[in-house]
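Student: Chain A is fixed; fit chain B with the ligands onto it per the hints.
2 protein chains.
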Amino acid sequence: MSDMTAVFSDIVGDNNLLSGDAIPEDYAHDEELTAPPQKPAYLAKPARAEEVAQLLVAASDHGVPVTARGSGCGLSGAARPQPNGLLVSFDRMNAVLEVDTANQVAVVQPGVTLTELDAATVDYGLGYMVHPGEASSSVGGNVGTNAGGMRAVKYGIARHNVLGLQAVLPTGEIIRTGGKIAKVSTGYDLTQLIVGSEGTLALATEVVVKLHPRLEHNASVLAPFVDFDQVMAAVPKILASGLTPYILEYIDNMTMAALISTQDLELGIPDKIRDSCAAYLLVALESRTTDRLFEDVETAGEMLSELGAVDAYVLEGSAARKLIEGRERAFWAAKALGADDIIDTVVPRASMPKFLSTARGLAAAAGGGAVGCGHAGDGNVHMAIVCKDPDKKKQLMSDIFALAMELGGAISGEHGVGRAKTPYFLELEDPAKIALMRRIKQSFDPANILNPGVVFGDA
Amino acid sequence: MSDMTAVFSDIVGDNNLLSGDAIPEDYAHDEELTAPPQKPAYLAKPARAEEVAQLLVAASDHGVPVTARGSGCGLSGAARPQPNGLLVSFDRMNAVLEVDTANQVAVVQPGVTLTELDAATVDYGLGYMVHPGEASSSVGGNVGTNAGGMRAVKYGIARHNVLGLQAVLPTGEIIRTGGKIAKVSTGYDLTQLIVGSEGTLALATEVVVKLHPRLEHNASVLAPFVDFDQVMAAVPKILASGLTPYILEYIDNMTMAALISTQDLELGIPDKIRDSCAAYLLVALESRTTDRLFEDVETAGEMLSELGAVDAYVLEGSAARKLIEGRERAFWAAKALGADDIIDTVVPRASMPKFLSTARGLAAAAGGGAVGCGHAGDGNVHMAIVCKDPDKKKQLMSDIFALAMELGGAISGEHGVGRAKTPYFLELEDPAKIALMRRIKQSFDPANILNPGVVFGDA
Ligand SMILES: Cc1cc2nc3c(=O)[nH]c(=O)nc-3n(C[C@H](O)[C@H](O)[C@H](O)COP(=O)(O)OP(=O)(O)OC[C@H]3O[C@@H](n4cnc5c(N)ncnc54)[C@H](O)[C@@H]3O)c2cc1C
Ligand SMILES: Cc1cc2nc3c(=O)[nH]c(=O)nc-3n(C[C@H](O)[C@H](O)[C@H](O)COP(=O)(O)OP(=O)(O)OC[C@H]3O[C@@H](n4cnc5c(N)ncnc54)[C@H](O)[C@@H]3O)c2cc1C
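These protein sequence lines map, in sequence, to chains A and B.
As numbered in my numbering, the first sequence has no gaps in its residue numbers, which increase by one up to the final residue, 499.
As numbered in my numbering, the second sequence has no gaps in its residue numbers, which increase by one up to the final residue, 499.
Just chain A, same shape as in the assembly (with noise of 0.2 angstroms):
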C-alpha cells in the first residue's frame, strides 16, 4: 500500500493528520482488557464533514481500513485500529452547535463528551439521559455502541435517544437522517441502523439528541438481601408499581466490598448486615416535588421489606451521589482486582437469578470466577471473569453467552462485540442473520473499509 500522508494531510491539513510514531500511545487501544495496544499508520483529526468525505473517499480508493474514535473508552475493542488503518478521531469536532429548549433537543458534533453536553444543558434545565458509566465518553461514541447505562431503566438507551443523524458513507456521501423530530416514517430508519453499528457503516458527524427535563429531587434506597433470587424477583414488581425507578442495578456482594474499599463509600450499613448478604439492590427515584419523592421512597421501602430486604437505607444527597458513581467505576474496581475479562451479557430480566447461578456454576466449573453488577431493570449483566487459562477462559465466555442466548438474550446489551466479542458472536449467532448483516454493510460500504473485522471478524 502506498504511503498516504500526504492524501490525508492534504485534506485535514498537516497539523492534524500523525503518523508512525507521531501518534501518541493512547490512541493505540479502548478499555477493552484483553487485547494489545495497535497504533494506527495514520491519526487524521477531521474539522468537518467535508474532511470525513474525502478522508472515507481516499480510503476507499487505497483501501485503507478507517476506525472511527470518539473518547476510546468503549469496552470491546471496536476504537482499536488497524496497523495499516487510519484512525479518524473526533477530538477537534467537539462543539454542542445548539441546545434548543423549545424542541427539547440538543444538536452536537460527535466528539463532544458527556460531561462538555451536560455543562451546557444543565442550565435549561434539560439534560441528555444516556449515562454510561463514563462521563468522558463521547456521543459520537454513544452513538457507535449504542450505550446505554443505568439510566436506561427509565430514559431509554443510545437508540431512543438519538434523534437524527448527519453522517458520512464510506462512499463519501454526507446524508441527514432522522431530525429534531420525535417519529418518523419516511422509507427506511437509517439512523437507528447506524446507531449501534460500532463504525462499520458510516461516521456520524453531527448528531441530535434528545433532552429529558431534569427533575429536581432525587434519592436513593439501598437494600441488602440475603437471598439472590429474592433481589431478582423484587426487580418486575418494583417495574410494575409505577414507581419509575430512574436507576434499578443490582450489586453482588463481592462488587460491593470492593466498590466500599475502593471508592470509600460510608453507607452506614453494619458489618452484620454486609456479612450475612448475598447481593444489594439500588433504586434511585427523582421527582418534581419533594413530598412525591418522600412518599415514593416510603413506598419503595415497605415494597423492598415485604419482597424480602434485610433493611432498606435512605440515601440523599452525597451519599446518594458517592454510591452511585461508585458504581460507575465497578470496571475500574474489577480491573484492579486483576479481572481477566468482562461481559455485558443481556437476558430477559426474569431470566437473571437462572442466568447468574448458572453462569457462576459454569465459572466455578472452569476453576475462575464470575462477580458483578448490573442494570437489573434492563436485564443486563455486568460480570468480571476470572479464569487465568486463556483456552478455558475462552470456553468459558462461549459457554455463558450460549447461556445468555438460550435464554432468549444476547452476547452484548450495550458495550458493542467490537473486536473482543465478534468470535463469540460468530460461533454462536444465526448464520441466517449473519450473512444477512453482511449484505446490509455491502450495501453500505462496499469497498469494505470502515472497521473491517468489527462484527464480522477478519476475513
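Treat each hint with caution, since some may be false.
No distinction is drawn between identical chains; accordingly, a pair holds when it is met within one copy or between any pair of copies.
[To be verified] Straight-line distance between alpha carbons at most 35 angstroms, and here's what the computed DSBU-like set of lysine-lysine pairs gives:
1) K277 x K362
2) K428 x K85
3) K194 x K362
4) K394 x K194
5) K432 x K85
No lab work stands behind these hints: they were computed from the structure.
Tutor: Chain B with the ligands alone, transformed into the frame defined by chain A:
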C-alpha cells in the same frame, strides 16, 4: 405468469387460499383515501411462520409480488395488493401467545388486533401503549407502519415498543431478532430496520411487545385558545414541566366543530368561546394516585391559563373518554366531510406554527383548504386536504411536503409513504439516501417480491 393457485393451496390448504372473484372486496384496499380498490390474484391465510416462508419462496421463484396485510386500516395504501400478486393476510395468525408479567412483555402473532391485546393484558394491570386511532388495527400492521398515535408523546411509537420479532425473509429464512430484552448491542438492529419498512423487507410472524403498567387515575384538560400560535407555544412548556402528559393534542376549531357534531360530544364549552377560539389543546394526565392526579390537573390548568388559554375544562371519566375517542375518529369525520386527501407530516414541534400557517396559505392559494388536528407533542400534524382539482392537489401536497422537509421534518410521521406518498418521497428525498435504501432493500429481497412499488415506486 403461470397460475399459482395449486402451489399456494398446497402450502396453506385449500380453505385458506382464495383467488379471483372469491376474494372478498375488503381485501382490495386499506383506508387510504384516493386509490381505487384493487383485488390481488391470490389471497393466502397462513397459520404458521413455516407456511409464510414457503409462500415467499414460491413467490420468489415465480416472481409473484407479495403484499402483507394486517387489518387493512393503514392510511398510505401500503396494504393494497397488486393485481397479479399474492396478498398474505394474517387473519388466522391472531393468537396472544404469552403475557409475561415478569418481563413486562407480550408475545403475539401479527394478526392480533389492539382490541384483542388490550383485553388480554388488562387484568394484569399492564398494556401495550401504542394506540393509533384505529383499535382494530393489528400488531403486525403497527410493525409495518411504525405506528404512533396519541400516547406516543409519553410511551413512544411502535419502534420503542417492539422489542423483538420472528420474521420471514423473502428468501425463506425464518429469523429471530431482539427478544424479551430492553436493549441489545450485538450486530445490527434488524428489529428496528424491519419496523416501519411497510412490508418491503420481511414479514413479521411473531412480535414481542413491551407492556407498561396502567396507571389507574386519569383526567383530561381541554383548553381553548384564541390564537393558534399560542397553542403551539404552550406545547414545549408543558413538556418541559415534567407533568408528562400521555396525550398532548391540538385540534383546530373546524375539526372540533366537526367532532362535536358528528360524535355528539358534550364538552360544556359556551358557544361564545367556541366561536371565538382558533384551536384547542387537549392535555391528558394520568397518575398512580388520585391526589397526584388532582394536583397535576390543577398545575396544568394554571399553566394553560398563564400560556394564554381562554379557559381550561377538566374532563373526567366518560366525558374525557368520549373526547379522546372522538379525536381518534377525526379521520372518519374528515372523510365524511369530503376530504380529498390526508397527510400526517412531522416537523420539529417548535416549527408547527410556521408549518401550519404556511400550509394553510398554500392550500388557500390552491383554492382548497387544510384543516386538522395532531399529535402536538410530537410535531405530527394530521391535516385533511380539500382540493378538488387533482393536478392542483398534487402540486399542493408536494409544496406542503417540501415545506415540512425544509423545516427539518419528514413526509410522514407515522402512516408511512406506502403507495400514496411514494411519488412525493421519490421527488423530494435526497437521492443518495434513496439509493442506499434501495441497496438495503436488495440485501433483504433480491427478487424484489415484497410489496414492490411501496417506498420505491413502480419501476
Ligand atoms: C468505567 C466505564 C464504565 C462504562 N459503563 C458503561 C455502561 O454502563 N453502559 C455502556 O453502554 N457503556 C459503558 N462503558 C463503555 C463506554 O463508555 C461506551 O461504550 C461509550 O459509548 C464509548 O464512547 P467513546 O466516545 O469512548 O467511544 P469509542 O470507544 O471511541 O468508540 C466506540 C465505538 O463507536 C465508534 N464511533 C466513535 N465515534 C463515532 C462516530 N462519530 N460515528 C460512528 N461511529 C463512531 C467507534 O468506531 C467504536 O466502534 C463504560 C466504560 C468505562 C470505561
Ligand atoms: C380512523 C383511523 C385513525 C388512525 N390513526 C392513526 C394514528 O393516530 N397513528 C398511526 O400511526 N396510525 C393511524 N392510523 C393508521 C393505522 O391504524 C395504522 O397504520 C396501523 O398500524 C395499521 O395496522 P393494520 O393492521 O391495519 O395494517 P395494514 O393496513 O394491514 O398494513 C399496514 C402495513 O403493514 C404491513 N404489514 C402488515 N402486517 C405485516 C406483518 N405481519 N409483517 C410485516 N409487515 C406487515 C403491510 O404490508 C402494510 O405495509 C389510523 C387509521 C384509521 C383508519
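Student: For each hint, tell me whether it holds in the structure or not.
Tutor: Consistency of the hints with the structure:
Taking the shortest alpha-carbon separations for K277 and K362, both the intra-copy value of 26 angstroms and the inter-copy value of 33 angstroms come in at or below 35 angstroms. For a Cα distance limit of 35 angstroms, the shortest separation of K428 from K85 qualifies neither inside one copy, at 38 angstroms, nor across copies, at 56 angstroms. When the C-alpha separation of K194 and K362 is checked against a cutoff of 35 angstroms, the pair qualifies both within a copy, at 20 angstroms, and between copies, at 31 angstroms. In this assembly of identical chains, K394 and K194 lie within 35 angstroms of each other by CA distance both inside one copy and across copies; the values are 24 angstroms within and 33 angstroms between.
Taking identical chains as interchangeable, the C-alpha atoms of K432 and K85 are never at most 35 angstroms apart, the minima being 41 angstroms within one chain and 50 angstroms between chains.
The structure fails to meet hints 2 and 5 from the earlier list, while all remaining hints are met.
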